[in-house]
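If you read the sequences in order, they're chains A and B. The first sequence lines up with residues 1 to 515 when you count with the working numbering. The second sequence lines up with residues 1 to 322 when you count with the working numbering.
No lab work stands behind these hints: they were computed from the structure. Watch out, some of these pointers could steer you wrong.
If you want a taste of the chain A side facing chain B, the calculated C-beta under 7 Å gives, among others [to be verified]: (1) Trp92; (2) Asn94; (3) Lys209; (4) Trp211; (5) Pro279; (6) Leu281; (7) Val351; (8) Gln369; (9) Leu371; (10) Arg375; (11) Ser384; (12) Ile386.
We treat Cβ as the ideally placed atom computed from N, Cα and C, and that holds for glycine.
Next come the chains, spelled out residue by residue.
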Amino acid sequence: MSLKPHTVQKPYGVSSVKKERPGQNMGNEENKVFLKLKGIKKSFGGVHALRGVDLEIREGEIHCLAGENGCGKSTLIKAISGVHEPDEGEIWINGEKVEHMKPIDAINRGIQVIYQDFAVFPNLTVAENIALNGEVKDRKKFVNWKEIHQIAERGMAQVGAELDPDMPLEQLPVAGKQMVAICRAIVNDAKLLILDEPTTALTEKEVGKLWEVLRGLKKKGIAIMIVNHKLDEIYQIADSLTILRNGKYISSGKISEYNDARFMKDMTGRDLVETKYDPELSDEEVFRVDHLTLKGRFEDVSFSMNKGDILGLTGLLGSGRGEIGEALFGITPPESGDIYMNGKKIEIHSVADAIKNKIGYVPEDRLTQGLFMERSIEDNTIASSIRDYFHGMSLNEKEMREASERWLKDLSIAAPSIDPPVRTLSGGNAQKVVIAKWLNTHPRLFILNGPTVGVDVGAKAEIHEILRGLAKQGIGIIIISDDLPELLQNCNKIVIMNKGKVRLVTDNKIDKLSL
Amino acid sequence: MKKKTASKKLNDHIKVLMLMMVFVLILMAVLKGPVYYSVNNFRSMIFQFPEYGVLSFGMMVCMIAGGIDLSLVGIMNLGGVVCALLIKSAGVPIPLACLASVAVGAGCGALNGLIIGSLDIPAMLVTLCGLEVYSGLALAITGGPAINGMSDSFKNIANGSFGSIPYVLFIFIGVLIVVAFIMKHTVFGHEVYFLGSNKQAARYSGINTLRTTILAHTMSGILGGISGIIITSHLNSAKSSNGSTYTLLSLLIVVLGGINPDGGGGTVAGVTFSIVLLQLIANAFTIMHAPDTLKTLVNGCLLVAALILDKVMQKREMQKNS
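Hey, can you work out the whole structure from these sequences and the hints?
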């Protein structure tokens with residue numbers, strides 16, 4: 001039912017427009033509906049990425065699209081921007097039904113997407129980045145530099161961005177690059193601006209500035225859709241909200257119709273309190289750091305964890321949360337401070353030291369730091385423990401296969417065997433392979449930086465379950481995350497960082513306001 | 001069912017190579033049967049391929065590690081010159097002189113690896129400079145003219161045979177076995193694959209990337225030193241410009257043999273088949289008295305075809321998976 005052949009007679013790729021009004025019952029708002037989706041379905045192979053999604057975005061409205069990772073948000077964006085054609089469903093733009101939409105059709109209708117990587121050119125200047133797209137689109141043969149500057153200045157004025165037009169983009173911070181991308185979208189006559197998780201790499205102050213800019217654009221009548229799943233940010237900026245889960249439309253409405261409980265329930269499909277981690281308390285210390293310092297990253301960090309503890313390490317980006325993980329794993333070793341494992345003092349100056357002391361680390365960026373995408377599941381599983389299989393003269397292949405097959409089963413990694421390359425696995429299963437790699441080294445301390453980023457709902461719960469099981473066995477677990485609900489749910493101790501310093505150590509009775 | 005998926009792609013590639021070999025063999029049987037299928041012809045082939053075959057394994061190791069070794073020919077000639085000089089001028093015993101060649105190769109390789117690994121300069125640049133430096137050093141040592149006329153027993157290494165089987169075949173098979181064992185059955189071999197497929201992930205998995213880079217290039221250098229002995233003995237002459245076509249030839253061999261130019265993939269078996277295939281083709285050209293210029297063209301076309309074929313197969317597999 002997914003790959004329904006198109007019976008339309010028109011040549012493929014030509015978009016056709018029918019002059020029809022969408023449902024009359026929508027006329028009770030003062031703002032005009034710009035984009036309307038009805039029953040969008042899309043599947044890839046056998047995977048149903050979208051199973052019937054409705055969405056409505058009005059001019060001059062900031063609409064938030066929320067949902068856990070893997071809920072189909074990115075597929076939906078691609079459907080709106082013409083990258084993927086839906087298998088079923090209708091797309092209405094500005095009251096016109098659009099069929100067989102290609103990316104260029106979406107752009108011509110004013111739909112501009114700002115992806116997480118911004119798709120900017122780092123070696124070109126701010127002005128070039130803002131204006132060159134239009135020059136190319138208009139099929140100009142020669143570049144008029146004066147015009148480029150004028151266009152760029154106009155774009156920046158409209159958005160309210162203050163940037164040096166001649167500065168090469170690579171010298172700008174992330175927030176600056178984002179501004180350039182927004183300016184470019186505005187210069188290209190954006191009527192609907194879609195931002196894919198725009199705040200992930202921003203500091204608190206930069207987020208504030210971004211909201212200011214977006215509110216300005218909203219007043220100009222531009223429709224804005226933000227993909228986000230951080231509750232506090234949604235409350236700050238959004239006028240209305242649509243929640244997806246597992247490719248399905250769950251709910252939609254004004255932001256005032258939501259509260260924390262309904263939001264979490266709609267996002268995850270379950271109640272948060274139900275599954276809170278509550279270990280038996282123990283006096284046996286597993287791991288402790290005293291006055292850990294790495295200049296410029298974090299300072300005077302102390303915390304300790306007992307048997308059964310899962311410790312959450314959080315704070316805003318740049319607070320030093322990730323840096324502590326990298327330091328304890330020896331990637332950027334700490335300069336001073338003491339580290340104790342099971343009561344014994346250990347030294348960490350390199351990754352080799354960390355591994356010798358049985359510390360495992362799941363890095364933040366799974367794709368570039370955690371996995372060998374082209375290698376098999378087996379190779380990835382034994383990558384950190386391969387020395388254990390070298391007996392006498394050569395590697396014992398049978399043992400390596402057996403170990404890998406055991407993890408495949410124990411962590412219920414969804415793969416036909418241990419042989420396919422990791423590239424073929426979904427985010428959740430790939431992350432389980434990274435976890436298996438470290439479990440195969442029998443760690444005593446297991447640090448996970450953003451363990452469930454890009455992981456679907458089901459696998460996320462499974463990973464949490466695995467971590468709880470490990471903690472009960474007495475393995476120290478540290479979860480570094482900015483996903484507060486995740487920490488509240490799984491950690492019985494939370495360390496909150498701010499500007500490189502520990503601001504608060506709590507036994508998980510905080511609410512989101514103290515962050 | 002169990003082992004199929006992993007070995008499947010490898011088999012696909014080797015199947016193509018074998019098919020090409022069969023094609024060449026049948027074609028030659030039809031065109032020049034009696035001459036091609038003579039003991040003498042096969043002997044002459046065997047005398048030729050070990051020197052660049054051993055070199056290709058060096059290229060292979062570096063490419064699997066995510067780099068490249070363009071300095072191999074320079075290392076080969078520097079090793080050969082040192083070896084020849086020690087025998088001729090200093091009267092050093094042959095085994096010791098050969099060992100010196102290998103040691104020179106190991107040193108050059110280690111230097112390459114150290115620069116690449118510690119300063120993070122692309123291997124292509126470092127080894128290209130290496131080629132100039134090592135060739136230049138060989139030229140400086142000889143002062144220009146070749147070192148000729150070593151002892152007959154040295155000449156015998158690459159020109160003598162045991163019955164009708166040339167000694168160099170044993171050297172080649174010995175190198176093949178050692179290289180295959182290292183790549184498949186040692187921790188280092190696996191680490192080379194890990195390093196080549198994702199350097200950052202290798203670091204985050206606790207693999208000492210600097211050490212692995214140095215060792216991979218040292219191994220390549222040692223293989224360069226060994227082929228330096230073979231080529232010097234073969235020509236009974238050492239100079240800085242011997243085998244200058246081997247850099248590109250060894251690149252052609254490893255890529256045709258299925259080594260992933262981005263690193264992290266490919267097998268010793270594939271490279272071995274590729275070495276033999278190219279020798280069969282080269283020999284076919286000689287027998288047919290075809291002009292050398294045509295050989296370059298055919299080699300070039302083969303390489304492009306191999307690259308395209310690989311990408312097409314990769315794409316097909318990706319589509320099947322998604």
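Now the hints, each set against the structure:
The restraint placing Trp92/A at the interface with chain B is violated, with a minimum CB-CB distance near 30 Å, outside the 7 Å limit. Contact between Asn94/A and chain B, as hinted, is not supported at the beta carbon level, the nearest pair being about 34 Å apart and thus beyond 7 Å. A distance limit of 7 Å between C-beta atoms decides the matter here; for Lys209/A the minimum to chain B is near 32 Å, and the interface restraint is violated. Given the 7 Å rule on beta carbons, the hint for Trp211/A is violated: about 34 Å separates it from the nearest Cβ of chain B.
Restraint check, Pro279/A versus chain B: the minimum CB separation of about 29 Å is more than 7 Å; hint violated. With its C-beta approaching chain B no nearer than about 33 Å, Leu281/A sits outside the 7 Å limit, and its interface hint is violated. Evaluation of the Val351/A hint against chain B yields a held restraint, the C-beta minimum of about 5 Å falling below 7 Å. For the restraint placing Gln369/A at the interface with chain B, the shortest Cβ-Cβ distance is roughly 5 Å, inside the 7 Å limit, so the hint holds.
Taken as an interface hint, Leu371/A checks out: its beta carbon lies about 6 Å from the nearest beta carbon of chain B, inside 7 Å. The closest approach between the C-beta of Arg375/A and any C-beta of chain B is roughly 5 Å, which is under the 7 Å cut-off, so the hint is satisfied. With a cut of 7 Å, the hint placing Ser384/A at the interface with chain B holds, because the nearest CB-to-CB distance is about 5 Å. A hinted interface residue such as Ile386/A counts as satisfied when its beta carbon comes closer than 7 Å to some beta carbon of chain B; here the least separation is about 5 Å, so the hint holds.
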